[in-house]
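**Student:** Take the two lone chains, each set in its own frame, and fit them into one complex as the hints suggest.
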Amino acid sequence: MKQLLVFIRKEFLQVFRDRKTLLMLFGLPIAQIVLFGFALSTEIKDSKIVVVDYAKDETSTQIITKIAGSRYFDVQQSLQSTAQLEAAFKKGIIKMAVVFPANFSKDLLHTNHATIQIIADASDPNTATTITNYITNIINTYNVQLANAAGQPLQIVPEVQMLYNPELKGAPNFVPGVMALVLMLVCTMMTSVTIVKEKELGTMEILLVSPFKPIYIIFSKLVPNLIISIVNLFIILILSSVFLDLQVKGSLLLLVFATTLFIVTSLSVGLLLSIGAKTQQAAMTSSLMGMMLPTMLLTGFLFPIENMPWLLQVLANLVPSRWFFIIVKRVMLEGLGFAAVWKEILILVAMCAFLLTISLRSFKIRLQ
Amino acid sequence: MRPVIKTDKLTKRFGAFVAANELTFEVEKGEIFGFLGANGAGKTTAMRMLCGLLMPSSGKATIAGFDVYTQTDQIKRRIGYMSQKFSLYDDLTVTENIRFYGGIYGMEIKEIKAKTLELLAELQLEKEAKTLVRDLPLGWKQKLAFSVSLVHSPDIVFLDEPTGGVDPVTRRQFWDLIYHAADKGVTVFVTTHYMDEAEYCNRVSIMVDGVIAALDSPAKLKKKYGYDNIEDVFYELARKAKRSE
Chain Y
1 MKQLLVFIRK EFLQVFRDRK TLLMLFGLPI AQIVLFGFAL STEIKDSKIV
51 VVDYAKDETS TQIITKIAGS RYFDVQQSLQ STAQLEAAFK KGIIKMAVVF
101 PANFSKDLLH TNHATIQIIA DASDPNTATT ITNYITNIIN TYNVQLANAA
151 GQPLQIVPEV QMLYNPELKG APNFVPGVMA LVLMLVCTMM TSVTIVKEKE
201 LGTMEILLVS PFKPIYIIFS KLVPNLIISI VNLFIILILS SVFLDLQVKG
251 SLLLLVFATT LFIVTSLSVG LLLSIGAKTQ QAAMTSSLMG MMLPTMLLTG
301 FLFPIENMPW LLQVLANLVP SRWFFIIVKR VMLEGLGFAA VWKEILILVA
351 MCAFLLTISL RSFKIRLQ
Chain G
1 MRPVIKTDKL TKRFGAFVAA NELTFEVEKG EIFGFLGANG AGKTTAMRML
51 CGLLMPSSGK ATIAGFDVYT QTDQIKRRIG YMSQKFSLYD DLTVTENIRF
101 YGGIYGMEIK EIKAKTLELL AELQLEKEAK TLVRDLPLGW KQKLAFSVSL
151 VHSPDIVFLD EPTGGVDPVT RRQFWDLIYH AADKGVTVFV TTHYMDEAEY
201 CNRVSIMVDG VIAALDSPAK LKKKYGYDNI EDVFYELARK AKRSE
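The listed protein sequences correspond, in order, to chains Y and G. Mapping to the working numbering: the first sequence position 11 is 11, numbers consecutive. Mapping to the working numbering: the second sequence position 210 is 210, numbers consecutive.
Just chain G, same shape as in the assembly (with noise of 0.2 Å):
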């Protein structure tokens, strides 16, 4: 099977500061995808690099087979993207934001509307349709917002600290939306700080000063370094660290 997500020593310098080295790994289609790492580490540079946000230094990349330096048009079309911030409109109601974000990327009314009915049910969202945002708790805007991300069908879903501030019940929810997602055929790309977290991927890959130290599956990692849980794992990875933010 082709990689849907495929890096050959990509990276990113800022001057001389290099936030993400030669980093190269392919993530299979249909697989979460855990990225930690420390704040700083270089997650967020990464994950905007195959995003098309940030144009790379050197090295090589292709999402769903697209090359991220020229093909950026392409890998747009094919994504989906959840930043740490919220990011939905809260003075629109979730229709409006549905079918606001499914416009955008070109869909047609009528298929909006459809997926719009099939959302709703599936975050049993339905009295909720015509409410503003704002008005939602936290846990549901989470919840619409990733939902939100994948209106479009994406191949490739990244999420950027999704689960930022929520509560425990709720993260658990997050992630029964993740699993059947992934279900779907849909690749998942997540980065987080809850090591809990960490161990519901499929394979996680742990960045320490911009380089990726470990990357397996969360089994095997805890083995190879002899602890019980990835928590341990990424502080015996992290310790090393040298930079600060």
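Next comes chain Y alone, as it looks inside the complex (with noise of 0.2 Å):
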């Protein structure tokens, strides 16, 4: 245990020696965060919208008024009829458009339910969904006052309509992405290359001639690289929480037990290619290739995995990101528990042993 606390402390000595890997280390994630949070998170204002009408009563004037006044939209004109949306659409001015039946204000009265009809151009997600909550937001104020002062509940529920990417996919899910693909990146190319460097040394041999157990050595290379993995997934969560206004929903605990789950399966990857791997900068290189790229395509946070071609998605199940990526969106933001993710869970702890029992035997059989 005495020698397991040098061996650990040696390892932390290097890392903190090091600045580059420093920097990589924590910049990444900081680097990552900021730069998908800024263009993310501004607001939008002053959305050119238009509004088809053909109730033409109290309710819905008084509706249009208060979209007119948000500093969010800007009502560019009232069209006639449906039909001409498209054109205006077209035009590319145009993100969104708000269309009252006919009957809206009777229906309201005599059924208490009344719809509006919200069409939006998510031909760019990010600004579509942001503008349909912004008018979400608005018709459920006025819900709240308009069934204050009648005295009994009426609801005006808003039909959103997401034109051209019905699916708004990526939008939000940046952050699971971003949190797979650094833990994935870091844990993978820190464990491959400290394991390398000793080979590369010569320290290594001098380890095994000790009598310190290799199971000890691949132990001690783990640690650090777990405890810097969980800080930086805590920089990353108050980052998104600071930056993006985005908290973790679910529970926190959970999380934390999925993320060092993921952790410790991308360790296993990183000492399984520290086997094949004769130089530092082979193994830099494996692990860049072998694990970003695959990160990157075959999570789900870039490109739809549904959308791809059946060989891409029967990889797609094999790149453990991918599960912890759902994991992540469910949890922090869906708010939802361990019932829902218990199967990814499942897969990931398969996933883990599987990996980390070959990479240990493997490690075994090339010291013997």
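What the hints contain is simulated information worked out from the structure, not anything from laboratory work. Fair warning: this is a prediction, and the values are worked out from it, not measured in the lab. Hints may contain errors.
[Claimed, not checked] Partial list, computed: chain G residues near chain Y (C-beta under 7 Å):
#1 CYS51
#2 LEU53
#3 LYS76
#4 ARG77
#5 TYR81
#6 SER83
#7 LYS85
#8 SER87
#9 ASP91
#10 PHE100
#11 GLY103
#12 ILE104
#13 GLY106
[Stated by the list, open to error] Straight-line distance between alpha carbons at most 30 Å, and here's what the computed DSS-like set of lysine-lysine pairs gives:
#14 G:LYS222 - G:LYS9
#15 G:LYS113 - Y:LYS199
#16 Y:LYS213 - Y:LYS2
#17 Y:LYS199 - G:LYS141
#18 G:LYS115 - Y:LYS197
#19 Y:LYS2 - G:LYS130
#20 G:LYS85 - Y:LYS20
#21 G:LYS29 - Y:LYS213
#22 Y:LYS213 - G:LYS60
#23 G:LYS115 - Y:LYS199
[What the hints assert, rightly or not] Here chain G is said to cover these stretches of chain Y; the calculated rule only asks that three of the stretch's residues, wherever they fall, bring their Cβ under 8 Å from a Cβ of chain G:
#24 13–23
#25 200–212
Think of the CB as a built atom: it goes at the ideal place given N, C-alpha and C, for glycine as much as any other residue.
**Tutor:** Structural data, given as structure tokens:
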């Protein structure tokens, strides 16, 4: 145990002495989050919209006034019919259309229930989501006022329709994506490089001749990386909370647990790569090429996996970050609990166990 | 006196290839034992078997009385090792390296601290205690690596071509360190390419094609083969080698 601590201490000394690695370790997540964050967090003001008011009654006029009064929207014109919408969107100036049906007020008063149709240009998915959220908020606020005034629950339901990109892929998914990418990269690369470094320096032989057990060598290499990666996780979470106003909706504990699982999986991948690599350069390249590309492409945060050819879909199932990404999305963004992610967690556990076992085994064979 | 290293027909095969064939020899306590051979003659394989890095295919061997098959843990505690590759962490300081290697052998902090001062004084490196190893000249690194391999006071130290790439003056100083260690009773098992170094050993064995072709003191070997120096003896024997690298 004492020997182990000596070793872990040495690992930390080496990590903290290497400025470049340190910069990469902590700079990467910060840069990613800030970069993505500023690209996405900017408020969208004065979006140009059109209104089609078939109702032309008191309620619809009131809502239109509210929308026009908000700083988010700039009501360009009122159209006579939805037939003109297509042309308006095609010009590319209009971002959204709000359509009031003919019987709007009547429905509301008789059935306590009315709908407004909201059609957004989703070719830019980020903008589309953001502005539909804005308008839904305005309508909801109006709902509350209306209900209070009438003394009975009246409900106006905004029916949102996304044009051109109904699935809105890729919008707020990037934080889980960045988490998967950064952790995968850091863990895999760090581990494979530090182990290969010992081989390259010749210190590995000395360690093997010493009574220090090979399994301890691996363990001492993994512990600092695990700790650093968990620190990284919290950096990412704090940054996304501060810059992006994106808090963890679900259980933090569950998120940390899933992340630790993912980290250990990535560390095992690093271990596996280190066995094949002879130089630090090779280890670095193989982790970059071998891990970064599949993680970027097959995790699902840049490109939807469902749209890929079946071969890639099958391959994507083998990428650990794909499952981790789903877990983080559900826990962090949707606030779901263990029941919603146990399958993905089970898959990660299996992958982790498998990778760890074969890497430990092949590590031993090499040393024999 | 019981020999510190004792082997009996120690053999290592890799498939059909016999890297080390029936090696039988003994090394006494405090002896400096030179292990000579061309590249690929089987020196490193032999040494690795003795260090517990490689499992022998057949034959017997004991190190400090412990069996290489079953008692590798006890053996590892009693041996030091310095490889041909330079084997210190160059991003750690001199003191940190000593502390690390002492630590993984399970030495107490107090003990390590005392040993560190002793080592630094012996190597006259007191001023460089906090210098990163990468900033030291190669000769100093090599001497430091040797001292570090002795930090846990082993019975035997294995040196695998320890003086590669070092200038003659430093090599001389390095051998002073070896003598100093041997005087204190440490057995030194050293492989080398430099024939002048072979002359410094108490006994040398010359390996050719995986077998020990000759084994005796340098003086007796020279007499037996009728040459003035070990270099000629070595060439005479090595010329018979059939296998190359």
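**Student:** Indicate, hint by hint, whether the structure satisfies it.
**Tutor:** Right, here's what the structure says about each hint:
| no. | hint | result |
| --- | --- | --- |
| 1 | CYS51 | 5 Å, holds |
| 2 | LEU53 | 6 Å, holds |
| 3 | LYS76 | 4 Å, holds |
| 4 | ARG77 | 5 Å, holds |
| 5 | TYR81 | 4 Å, holds |
| 6 | SER83 | 5 Å, holds |
| 7 | LYS85 | 3 Å, holds |
| 8 | SER87 | 5 Å, holds |
| 9 | ASP91 | 5 Å, holds |
| 10 | PHE100 | 5 Å, holds |
| 11 | GLY103 | 3 Å, holds |
| 12 | ILE104 | 4 Å, holds |
| 13 | GLY106 | 6 Å, holds |
| 14 | G:LYS222 - G:LYS9 | 26 Å, holds |
| 15 | G:LYS113 - Y:LYS199 | 28 Å, holds |
| 16 | Y:LYS213 - Y:LYS2 | 13 Å, holds |
| 17 | Y:LYS199 - G:LYS141 | 18 Å, holds |
| 18 | G:LYS115 - Y:LYS197 | 27 Å, holds |
| 19 | Y:LYS2 - G:LYS130 | 23 Å, holds |
| 20 | G:LYS85 - Y:LYS20 | 25 Å, holds |
| 21 | G:LYS29 - Y:LYS213 | 28 Å, holds |
| 22 | Y:LYS213 - G:LYS60 | 24 Å, holds |
| 23 | G:LYS115 - Y:LYS199 | 27 Å, holds |
| 24 | 13–23 | holds (count 4) |
| 25 | 200–212 | holds (count 11) |
The earlier numbered hints are all upheld by this structure, with none contradicted.
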